[in-house]
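J.: As a plain string of letters, each chain reads:
Number of protein chains: 2
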Amino acid sequence: MSAFAAASAVSRTAPDSAEFTAELDPQWTVGDKLHGGYLLAVMARAAGEIAHHPHLTAISGSFAVPPRPGPATVAVELLRAGTGVSQLRATLVQEGKPAAEALITQGTLDDADSWWSSVEPIDIPPEENCVPATADAPGAGFRVNLLDVVDQRVDPRHAGFAVGKPAGDGVISSWQRLADGSDWDPLSLLVALDPVPPVSYDLGMPGWAPTVQFTAYLRRLPAPGPVRVRMFATDVGGGRMDETARAWDSKGRPVAQATQLAAVRVPR
Amino acid sequence: MSAFAAASAVSRTAPDSAEFTAELDPQWTVGDKLHGGYLLAVMARAAGEIAHHPHLTAISGSFAVPPRPGPATVAVELLRAGTGVSQLRATLVQEGKPAAEALITQGTLDDADSWWSSVEPIDIPPEENCVPATADAPGAGFRVNLLDVVDQRVDPRHAGFAVGKPAGDGVISSWQRLADGSDWDPLSLLVALDPVPPVSYDLGMPGWAPTVQFTAYLRRLPAPGPVRVRMFATDVGGGRMDETARAWDSKGRPVAQATQLAAVRVPR
Numbered sequence: 001m002s003a004f005a006a007a008s009a010v011s012r013t014a015p016d017s018a019e020f021t022a023e024l025d026p027q028w029t030v031g032d033k034l035h036g037g038y039l040l041a042v043m044a045r046a047a048g049e050i051a052h053h054p055h056l057t058a059i060s061g062s063f064a065v066p067p068r069p070g071p072a073t074v075a076v077e078l079l080r081a082g083t084g085v086s087q088l089r090a091t092l093v094q095e096g097k098p099a100a101e102a103l104i105t106q107g108t109l110d111d112a113d114s115w116w117s118s119v120e121p122i123d124i125p126p127e128e129n130c131v132p133a134t135a136d137a138p139g140a141g142f143r144v145n146l147l148d149v150v151d152q153r154v155d156p157r158h159a160g161f162a163v164g165k166p167a168g169d170g171v172i173s174s175w176q177r178l179a180d181g182s183d184w185d186p187l188s189l190l191v192a193l194d195p196v197p198p199v200s201y202d203l204g205m206p207g208w209a210p211t212v213q214f215t216a217y218l219r220r221l222p223a224p225g226p227v228r229v230r231m232f233a234t235d236v237g238g239g240r241m242d243e244t245a246r247a248w249d250s251k252g253r254p255v256a257q258a259t260q261l262a263a264v265r266v267p268r
Numbered sequence: 001m002s003a004f005a006a007a008s009a010v011s012r013t014a015p016d017s018a019e020f021t022a023e024l025d026p027q028w029t030v031g032d033k034l035h036g037g038y039l040l041a042v043m044a045r046a047a048g049e050i051a052h053h054p055h056l057t058a059i060s061g062s063f064a065v066p067p068r069p070g071p072a073t074v075a076v077e078l079l080r081a082g083t084g085v086s087q088l089r090a091t092l093v094q095e096g097k098p099a100a101e102a103l104i105t106q107g108t109l110d111d112a113d114s115w116w117s118s119v120e121p122i123d124i125p126p127e128e129n130c131v132p133a134t135a136d137a138p139g140a141g142f143r144v145n146l147l148d149v150v151d152q153r154v155d156p157r158h159a160g161f162a163v164g165k166p167a168g169d170g171v172i173s174s175w176q177r178l179a180d181g182s183d184w185d186p187l188s189l190l191v192a193l194d195p196v197p198p199v200s201y202d203l204g205m206p207g208w209a210p211t212v213q214f215t216a217y218l219r220r221l222p223a224p225g226p227v228r229v230r231m232f233a234t235d236v237g238g239g240r241m242d243e244t245a246r247a248w249d250s251k252g253r254p255v256a257q258a259t260q261l262a263a264v265r266v267p268r
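Chains as they are written, first to last, in full-length UniProt numbering: chain G, 1 to 268; chain Y, 1 to 268.
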């Protein structure tokens, strides 16, 4: 089993139950906070056990209380099983309190090319010419354990934040691989769609940008190999930033996309 | 009271209840289906009665069963009331069955300019040079009652679908006003963010594109006057299309944005 599959595993609490137990893994953290994409993957894995369709297609999550590594439960409710898709709701509960809620659509993905596409894969230098993101970045003030299990190499054009020279474009692009060599799947792509650091770093705002609400669409089954991920913001104001992420597989096809609304502290 | 406020009104079923009644208004329909943005607005209005913060900030909705015009209930659960935001879940129930679920974040919006923005308002001809979208479009096969309460004027560069000559760009831009002259607010903007027709019309796919999952972010309080809305797709394949909508107010500031995953039938 891959490190990701093990970390996001769920077990039914009883044979016909729609409630699952999970063990939230401290490896998938940024500082002391579990990564949002990882938490959604745990919830989506539980929902997938109940769904009448095989693949995660859409997920929207709202994070109320940051859960801690350790035991948690996921309660799933099947809202509807239609012909083409199943719709579900999942609640992640820890210490008796709801920590996160998700709306989930399961469908059937394939690996066919697009019928029509308007977005080309990002133009990013080869992996070996990109800057490895490290778990112990100097001056970060906390350890990004996640970067021990996700190999992320950042386009040097938007890696200037690391030396106090952000480009100011509100863009960060990277290559991403799972560190244990396993391939991406629709669930692990949720981690790739919420890269570290947030694009606010490229705007000169080096601080935590907690996710308020996050939505991802999984578009097709990814080909083996690394994904290219581009994240960009369009508007920062009123203490909020939007971030859009798009991922292309090794064949250059769009495989997933996400948007999130995050809280930011604007410099004075 | 504006037509929109009346159509989306909710009443508590009892003084301290978190359950509300609503009367879904047949005016806010496309064919015989209630508009998704309108349904979310009804749910958000109910959530706003429970929230500790005044303005809708983010909403993600999953549509299971298309509700019919007539009585419905909205059950709201407050997941968390934090310092900056309230997080809630709402369920729209009709005839005893959940028809739609929404995750909602309420916060505090203002009308200040952006601190940083990368997206300019769309370049669209003046309203009087745009093409009015009519409720009784020839050949549509159904009546778009919504277009009697929302004045929508489409950029002629992407109105070719109406005469069988779609531009093929996957873009439709429009001016939008509420027909009764009232101004946009964070709830009514949910209607503006899901314009009719879907961008698939600009790709030569004139058919219903039912929403699978929809997410909107409200960014600031809109200035009085019309909004400019641009909707675009990035990928069509596997029976699915993504649509992104952005709205700018009469001062040219981004006020709201949305993404949706919709089902489409690709031409052979």
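To be clear, the hints were calculated from the coordinates, so they are not data collected in a lab.
Computed from a predicted model, the values in this text were never measured in an experiment.
Each residue gets a CB set at the ideal place from its N, CA and C atoms; glycine is no exception.
Heads up, some of the hints might be wrong.
Simulated restraints, written as ranges between beta carbons of each label pair [unchecked claim]:
#: 1; chain 1: G; residue 1: G31; chain 2: Y; residue 2: T13; range: 40 to 46 Å
#: 2; chain 1: G; residue 1: S2; chain 2: Y; residue 2: R157; range: 43 to 49 Å
#: 3; chain 1: G; residue 1: K97; chain 2: Y; residue 2: E19; range: 18 to 24 Å
#: 4; chain 1: Y; residue 1: T13; chain 2: G; residue 2: S17; range: 28 to 34 Å
#: 5; chain 1: Y; residue 1: P125; chain 2: G; residue 2: P26; range: 32 to 38 Å
Covered stretches of chain Y (in silico footprint by chain G; criterion: 3 or more residues with CB under 8 Å from a CB of chain G, positions within the stretch not fixed) [unchecked claim]:
#: 6; stretch: 114-126
#: 7; stretch: 203-213
In silico DMTMM-like pairs for lysine to aspartate or glutamate, Cα to Cα no more than 25 Å straight-line [to be verified]:
#: 8; chain 1: G; residue 1: K33; chain 2: G; residue 2: E19
#: 9; chain 1: Y; residue 1: K97; chain 2: G; residue 2: E49
#: 10; chain 1: G; residue 1: K33; chain 2: G; residue 2: E23
#: 11; chain 1: Y; residue 1: K251; chain 2: Y; residue 2: E128
#: 12; chain 1: Y; residue 1: K97; chain 2: G; residue 2: E127
#: 13; chain 1: G; residue 1: K97; chain 2: G; residue 2: E49
#: 14; chain 1: Y; residue 1: K97; chain 2: Y; residue 2: D25
#: 15; chain 1: G; residue 1: K97; chain 2: Y; residue 2: E49
#: 16; chain 1: G; residue 1: K251; chain 2: G; residue 2: D185
#: 17; chain 1: Y; residue 1: K33; chain 2: Y; residue 2: D151
#: 18; chain 1: Y; residue 1: K251; chain 2: G; residue 2: D169
#: 19; chain 1: G; residue 1: K165; chain 2: G; residue 2: D123
#: 20; chain 1: G; residue 1: K251; chain 2: Y; residue 2: D123
#: 21; chain 1: Y; residue 1: K33; chain 2: Y; residue 2: E128
#: 22; chain 1: G; residue 1: K97; chain 2: Y; residue 2: E19
#: 23; chain 1: Y; residue 1: K165; chain 2: Y; residue 2: D151
#: 24; chain 1: G; residue 1: K251; chain 2: G; residue 2: D183
#: 25; chain 1: G; residue 1: K165; chain 2: G; residue 2: E127
#: 26; chain 1: Y; residue 1: K97; chain 2: G; residue 2: D151
#: 27; chain 1: G; residue 1: K97; chain 2: Y; residue 2: E77
#: 28; chain 1: G; residue 1: K33; chain 2: G; residue 2: D151
#: 29; chain 1: G; residue 1: K251; chain 2: G; residue 2: E49
#: 30; chain 1: Y; residue 1: K251; chain 2: Y; residue 2: D110
#: 31; chain 1: G; residue 1: K97; chain 2: Y; residue 2: D16
#: 32; chain 1: G; residue 1: K251; chain 2: G; residue 2: D180
#: 33; chain 1: Y; residue 1: K97; chain 2: G; residue 2: D183
#: 34; chain 1: Y; residue 1: K97; chain 2: Y; residue 2: E77
#: 35; chain 1: Y; residue 1: K251; chain 2: Y; residue 2: D123
J.: Among all the numbered hints in the text so far, which are the ones the structure does not match?
T.: 5, 12, 20, 21, 26, 29, 33
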